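Enquirer: This is what each chain is made of:
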Amino acid sequence: MLIAFAVFGSLPFWITEIGLYHYLGVEILIWCIYELGFNLLLGYAGLPSFGHGAYFGIGAYAFGLTQFNLWPNLWVCLAAAILAATLFGAVVACFISHRRGIYFALMTIAFGQMFFFIASKWTSVTKGEDGLLNIARLPVELGFAAYPIQRNAAFYWFVFACFVVVAVLLWRIVNSPFGKVIQAIKQNELRMSFLGYRVELYKGAAFVLSCAFSGFAGALFAMAQGGAFVQVMNLQWSGVIVLMTLIGGGLVSFWGPVLGTILYFVARDLLGAYTATWLLWFGLMFMLVVMFKPEGLAGLWRDLRRRGATRTNAAKAGAQPSALLALLRAR
Amino acid sequence: MDSLLFLLPHLLNGLALGLLFALIALGFMLIIGVMEVINLAHGSLFALGAYAALALMTPDGGLPPAMVALFQALPLAWRYAAALVLAPLAVAIVGMGLELCLRRTYGRDPLYGLLLTFGAALVIEELIRLAWGPTERFIPMPQGITGGVMLGELIYSKYRMFAALFAIAMIALLWLFLERTPYGAIIKAGAHDSEMVGALGVNLPRLRLFVFGFGSLLAAIAGIVMVPIWGIRPHVGVDAVVPAFVIIVLGGVGSFWGAVIAGLLVGMVVGLTGAFATDWSLISMYMLLILVVTFRARGLLGKKSILEA
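Protein chains in written order, with this note's numbering: chain D, 1331 to 1661; chain L, 2 to 310.
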């Protein structure tokens, strides 16, 4: 956790040195928030949602609409975005929280697509395909002082602060009793229900929580882009976040999604600079990861560490046991 | 009477669309049954079929010049027939290649198969874009199946009639194949319990390879037939795979007639909402799905299946 904070905290000082730019950092952090929230559902509760872009988009639209029609205050607008995503998530959760596996995935697709089409057709509210434009980056009011965050570098610090809060919060959630219960549900749902847990309530809660984080990330993204657009809600983007979470190793590690997000955006910028078909190479890479290392980058790291650990243990234990170990392994 | 005359073309459109949807969904279902994999690349294989037909039928489709000359010498109707046979076979080979990649995910969380095919869908779509460009393309159709046909007082597109009849013929053939041949019996048994089928001495890897190829073939056929109705774009696959999903869940996983009925139902709903509220025509299908699945968890004719684990 400290490593991640140190890397992102010092990022503004070196990112321009290596030829990248602040906005990339902003994008990565926002998607990290989104992915970390999503991984609560995929990695910890084991529920694959293929329509999560919807809640991200709902957050973005809610942020913009509150800003235009109600009260252009940063905290109010962010709260409205989280609230909207939570509400929609809660309604959807009523329909899907008792489902499992593939049926769960299919229902999330159905709801996600429904929200996507509504957002793209309800032009009087969402401005349809054009997107809701001119969403301002509102100043951060802390009671005693207000900081403008129009510039990317300043905005980065704000997003970084959000990221720290979200990461600490989610870390606490997954290590709380609630977090343990949803992980146990992933392992064996039936057994958990025999133990007296109301399984569908826990699954619904995990879903709603991750929707709330998605809405929050969506609001930040609306500020970053200066508008809310419907593209992030479509099936492909909803799939891409699953892809990012998995390639980084969300199934085995809390920080996996962060790794995956960094990899995705850096690959987009670097490969995208050389070839227009970078998605082809990224897709191929993804296929290889699923085929040979489905635990992703974090899984690779864990295996390397484990291998290192067994080696040092074997060395400590002397020659004979290690020969025995080798024999065992050969069998 | 007037309103009926107004509705009839939309109903017929819905019928034709529904039959083609059912064809896509049946290939999809065969793969789910035997492989226990949700094939997200199904839509891309559908698009690939359409593009393969494009390659066979137009001079600038990307084939070597010698083959182009050979094909262009044939009359259009023959070329169309050849494309309907050869392009699906080519796509079936691609599908078999995909199945070889999928082998590493068998016996693990079904999520991995789904994700692998999602990656494959990205790759195939980008390859199509690379090979044929991102713009919309069209395939010339033979004279016999273009233009209109008079149905009483109504003029109806001859091509849609052809598409509907063709889909009915394919569905009937598929049913005969599954119900009346020993291969069909093996596939159905494989969908029930593939490990047991393997234990009984059937070459399971070969069966899976074959079924995946066969499912891809059906997707490609539907893709080719759909071209004049939808046009072809590299991302047309998403428009095909999502209805296939909806139909499978709606009809019930593993049920042949469930898929056909659900296909028709989805086609009709899309067609009818298209008549009254165009903007809603794509949402209606999801609403139908949510409505049905909320009350009947396994779809209209579904039985308990492996996908619920």
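If you are wondering where the hints come from, they were derived from the structure by calculation, not from laboratory data. Predicted model only: the values in this text are computed from it and were never measured. Accuracy of the hints is not assured; some may be wrong.
Incomplete in silico selection of chain D near chain L, CB under 10 Å [to be verified]:
| no. | residue |
| --- | --- |
| 1 | Leu1372 |
| 2 | Ala1435 |
| 3 | Met1444 |
| 4 | Leu1463 |
| 5 | Phe1595 |
Have a look at the derived ranges for each label pair, beta carbon to beta carbon [unchecked claim]:
| no. | chain 1 | residue 1 | chain 2 | residue 2 | range |
| --- | --- | --- | --- | --- | --- |
| 6 | D | Leu1520 | L | Asp194 | 12 to 22 Å |
| 7 | D | Ala1484 | L | Phe7 | 31 to 41 Å |
| 8 | D | Arg1636 | L | Phe178 | 47 to 57 Å |
| 9 | L | Arg297 | D | Trp1405 | 19 to 29 Å |
| 10 | L | Ala276 | D | Ile1333 | 36 to 46 Å |
| 11 | D | Leu1417 | L | Arg109 | 31 to 41 Å |
| 12 | L | Pro206 | D | Arg1521 | 30 to 40 Å |
| 13 | L | Gly232 | D | Val1421 | 51 to 61 Å |
| 14 | D | Asn1505 | L | Gly232 | 27 to 37 Å |
Idealized CB from N, CA, C, for every residue including glycine.
Enquirer: A separate judgement is required for each hint: does it hold in the structure or not?
Expert: Hint-by-hint comparison with the structure:
| no. | hint | result |
| --- | --- | --- |
| 1 | Leu1372 | 9 Å, holds |
| 2 | Ala1435 | 7 Å, holds |
| 3 | Met1444 | 4 Å, holds |
| 4 | Leu1463 | 21 Å, violated |
| 5 | Phe1595 | 16 Å, violated |
| 6 | D:Leu1520 - L:Asp194: 12 to 22 Å | 21 Å, holds |
| 7 | D:Ala1484 - L:Phe7: 31 to 41 Å | 59 Å, violated |
| 8 | D:Arg1636 - L:Phe178: 47 to 57 Å | 50 Å, holds |
| 9 | L:Arg297 - D:Trp1405: 19 to 29 Å | 45 Å, violated |
| 10 | L:Ala276 - D:Ile1333: 36 to 46 Å | 59 Å, violated |
| 11 | D:Leu1417 - L:Arg109: 31 to 41 Å | 36 Å, holds |
| 12 | L:Pro206 - D:Arg1521: 30 to 40 Å | 34 Å, holds |
| 13 | L:Gly232 - D:Val1421: 51 to 61 Å | 36 Å, violated |
| 14 | D:Asn1505 - L:Gly232: 27 to 37 Å | 52 Å, violated |
Checked against the numbered hints above, the structure breaks hints 4, 5, 7, 9, 10, 13 and 14 and satisfies the rest.
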